[in-house]
Amino acid sequence: MTWYQYIWAPGIWGNPAVHTAWTAGTLVALASGTVGVFVVMRGQSFTGHALGDVGSTGAAGAFLAGVGALWGFLAAGAVTGGSIEWLGRRVRERDIATGVVMAFMLGLSALFLYLVSIYTNASNAPMAILFGSLFTVSPSLQPALLGLSIAALAILALIYRPLLFSTATPEVAQSRGIPVRLVGLAFMLALVVAAEEAALAVGAILSTALLIGPAATAARMARRPGMAVLLAAGLAVGNIWLGILLAYDSYWWPPIHTGWPVSFFVTVVSLGMYAAGGLIQRVRTTVREGGR
Amino acid sequence: MFGIVGKARWLYAASALAIASACSGCGVASPAHPPGVVNAVGAENEYANVIHQIGGRYVDVTAIMNNPNTDPHSFEASPRDARDVGLAQIVVQNGLGYDSFMTRLEQATPSTQRTVIQAGRVLHLPSEVKNPHVFYMPGAMDKVAERIAQTLEKIQPRHRAYFARRLAAFQASLVPWQRTLAKIHRQFPGAPVAVTEPVADYMLQGAGLDVKTPWSFQAAVMNSTDPSPEAAAQVRALLQHRKVKVFVYNQQAVDSTTESLLALARKSGVPVVGVYETMPAGHTYQSWMQAEASAVFEALKTGRSSLTM
Numbered sequence: 000m001t002w003y004q005y006i007w008a009p010g011i012w013g014n015p016a017v018h019t020a021w022t023a024g025t026l027v028a029l030a031s032g033t034v035g036v037f038v039v040m041r042g043q044s045f046t047g048h049a050l051g052d053v054g055s056t057g058a059a060g061a062f063l064a065g066v067g068a069l070w071g072f073l074a075a076g077a078v079t080g081g082s083i084e085w086l087g088r089r090v091r092e093r094d095i096a097t098g099v100v101m102a103f104m105l106g107l108s109a110l111f112l113y114l115v116s117i118y119t120n121a122s123n124a125p126m127a128i129l130f131g132s133l134f135t136v137s138p139s140l141q142p143a144l145l146g147l148s149i150a151a152l153a154i155l156a157l158i159y160r161p162l163l164f165s166t167a168t169p170e171v172a173q174s175r176g177i178p179v180r181l182v183g184l185a186f187m188l189a190l191v192v193a194a195e196e197a198a199l200a201v202g203a204i205l206s207t208a209l210l211i212g213p214a215a216t217a218a219r220m221a222r223r224p225g226m227a228v229l230l231a232a233g234l235a236v237g238n239i240w241l242g243i244l245l246a247y248d249s250y251w252w253p254p255i256h257t258g259w260p261v262s263f264f265v266t267v268v269s270l271g272m273y274a275a276g277g278l279i280q281r282v283r284t285t286v287r288e289g290g291r
Numbered sequence: 000m001f002g003i004v005g006k007a008r009w010l011y012a013a014s015a016l017a018i019a020s021a022c023s024g025c026g027v028a029s030p031a032h033p034p035g036v037v038n039a040v041g042a043e044n045e046y047a048n049v050i051h052q053i054g055g056r057y058v059d060v061t062a063i064m065n066n067p068n069t070d071p072h073s074f075e076a077s078p079r080d081a082r083d084v085g086l087a088q089i090v091v092q093n094g095l096g097y098d099s100f101m102t103r104l105e106q107a108t109p110s111t112q113r114t115v116i117q118a119g120r121v122l123h124l125p126s127e128v129k130n131p132h133v134f135y136m137p138g139a140m141d142k143v144a145e146r147i148a149q150t151l152e153k154i155q156p157r158h159r160a161y162f163a164r165r166l167a168a169f170q171a172s173l174v175p176w177q178r179t180l181a182k183i184h185r186q187f188p189g190a191p192v193a194v195t196e197p198v199a200d201y202m203l204q205g206a207g208l209d210v211k212t213p214w215s216f217q218a219a220v221m222n223s224t225d226p227s228p229e230a231a232a233q234v235r236a237l238l239q240h241r242k243v244k245v246f247v248y249n250q251q252a253v254d255s256t257t258e259s260l261l262a263l264a265r266k267s268g269v270p271v272v273g274v275y276e277t278m279p280a281g282h283t284y285q286s287w288m289q290a291e292a293s294a295v296f297e298a299l300k301t302g303r304s305s306l307t308m
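One line per chain: the protein sequences are B and H, in this order.
Counting in numbering that gives the first Met the number 0, the first sequence runs from 0 upward without gaps.
Counting in numbering that gives the first Met the number 0, the second sequence runs from 0 upward without gaps.
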């Protein structure tokens with residue numbers, strides 16, 4: 000037992016669960032970090048959070064139906080995203096529509112999770128769905144996650160300019176003939192994919208940590224949108240990696256040989272980055288103003 | 000679902016209905032059974048089965064937990080269960096925190112005419128014992144059955160001889176199981192085995208086998224949390240390098256982790272034995288224990304897997 004075991008536990012390279020967590024986590028982080036920047040800029044964090052939450056309904060339904068949880072997450076996200084788009088056409092209606100749809104979907108989630116506990120022997124389903132478990136992600140999901148992340152990034156690449164324009168000044172964009180509504184719908188699609196991927200990785204309730212945390216930090220620090228997108232993707236990946244490393248190390252922390260949940264560390268790192276970003280920004284401003 | 004409890008529930012529902020219509024002012028604890036029949040509840044169906052084996056025609060037994068898909072650790076009781084416990088004169092439960100839903104039901108339906116038998120207390124185990132699955136412990140059910148017989152005698156002294164006879168028959172019928180465990184002990188002393196959770200650990204240790212799975216892994220699976228990747232890697236290594244002779248897993252608590260271990264055991268050629276947490280259909284307590292012990296013996300001797308019973 001050496002001291003560095005506490006920060007770099009042995010066997011991390013050879014562990015298959017860590018390998019899968021690493022690749023799956025990276026794919027998920029790339030999508031959520033990138034999409035997250037626009038979520039923050041468009042003021043849609045509540046929608047993003049709601050989409051993650053309602054994923055639990057789909058995942059519990061998938062457990063009942065014997066289908067993979069990822070498809071349940073995506074189906075619930077698509078239904079909710081579509082309903083929010085349809086019900087909340089105007090910005091002011093949007094939060095209300097989101098709240099109403101989310102409450103109903105979470106009610107369904109309560110029913111499904113109850114049925115899961117009665118009719119199936121998937122005993123850890125509620126914990127796994129709500130709080131995630133990156134170390135138990137099946138390696139067979141990696142191709143699907145790769146495809147989904149590529150799809151989300153491709154959508155963003157396609158609509159990048161009009162999306163930026165209609166995010167910054169929707170009225171002007173509209174008057175210049177940009178199909179603002181269609182762009183919003185396309186973005187919703189990317190958001191559903193990113194939010195549900197994050198829900199699968201760190202849990203339905205905690206998906207916000209990955210979707211909003213790195214993006215908010217990046218939006219604070221970067222001056223141009225393109226920079227913010229790149230920075231957010233990097234921060235999100237770093238966030239997942241650090242979370243996995245700490246969770247792996249926690250095997251040697253008290254209570255020894257138990258380990259703490261990886262989702263916990265992802266949220267801790269997410270908050271830590273946000274706080275550090277704020278601090279850096281403040282120092283920067285002070286230096287700039289002091290030099291004047 | 001085994002016949003006895005199903006029928007008992009039926010009769011019970013019918014008689015409860017009759018009582019309810021006949022005397023609407025009666026207290027909850029009034030006997031809802033034909034005269035001379037004792038109302039009994041077994042928290043899990045294995046305890047209900049033993050009550051029936053001892054009490055015979057003088058008991059009317061209901062099992063609260065008898066759905067093999069439900070994990071007792073996460074079970075929530077229904078209002079009907081509360082009524083059954085409220086009417087019971089004998090309640091047999093595991094205790095040791097395993098069926099805390101029973102304690103809640105008993106507190107919700109106070110009764111002076113009820114005797115609660117907790118297996119953990121009968122065995123004088125401390126309440127903080129790590130592995131609560133004492134019904135797998137060789138010799139444990141002999142003592143619980145004795146306590147059931149004593150309690151029945153107190154309620155119905157005139158059937159004393161009947162209960163004593165049935166107790167003796169029950170205890171004698173446990174001998175084949177104990178013989179099988181002794182045979183394993185003799186032929187495969189200290190053989191290493193891997194498990195997913197501690198459900199059958201007492202039986203495996205009673206047969207002199209060496210459970211190699213780290214406790215943190217067993218506890219995590221039992222409590223429906225995720226085992227740490229390190230512990231999971233240790234269990235994988237046991238199977239991959241064939242360091243164990245048998246892989247014993249709980250049929251009733253399967254998740255992605257245990258499923259991948261199952262696949263690994265098959266790939267590495269380690270025989271797999273599925274064990275149950277509540278008594279499977281078509282079995283008595285002793286035939287269930289005997290079947291699982293035989294399955295472990297067969298797996299050790301011939302390398303044959305038996306996933307279900």
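It cannot be assumed that every hint is accurate.
Stated by the list, open to error - In silico lysine to any residue, SDA-like type, Cα no more than 20 Å apart, as pairs:
#1 Lys266/H <-> Ser139/B
#2 Lys129/H <-> Pro253/B
#3 Lys129/H <-> Ser174/B
#4 Lys142/H <-> Arg241/H
#5 Lys242/H <-> Asn14/B
#6 Lys242/H <-> Gly13/B
#7 Lys211/H <-> Thr257/B
#8 Lys244/H <-> Gln233/H
#9 Lys211/H <-> His256/B
What the hints contain is simulated information worked out from the structure, not anything from laboratory work.
Verification of the supplied hints:
1. Lys266/H <-> Ser139/B: 17 Å, holds
2. Lys129/H <-> Pro253/B: 18 Å, holds
3. Lys129/H <-> Ser174/B: 70 Å, violated
4. Lys142/H <-> Arg241/H: Measuring from Cα to Cα gives roughly 38 Å; hence the hint is violated.
5. Lys242/H <-> Asn14/B: Within the cut-off at roughly 18 Å; holds.
6. Lys242/H <-> Gly13/B: Satisfied, since the Cα-Cα distance of roughly 19 Å is no more than 20 Å.
7. Lys211/H <-> Thr257/B: Given pair Lys211/H, Thr257/B holds - Cα atoms ~16 Å apart, limit 20 Å.
8. Lys244/H <-> Gln233/H: 16 Å, holds
9. Lys211/H <-> His256/B: Holds: Lys211/H and His256/B sit about 15 Å apart, inside 20 Å.
In summary, the structure is inconsistent with hints 3, 4 from the numbered list given earlier, while agreeing with the others.
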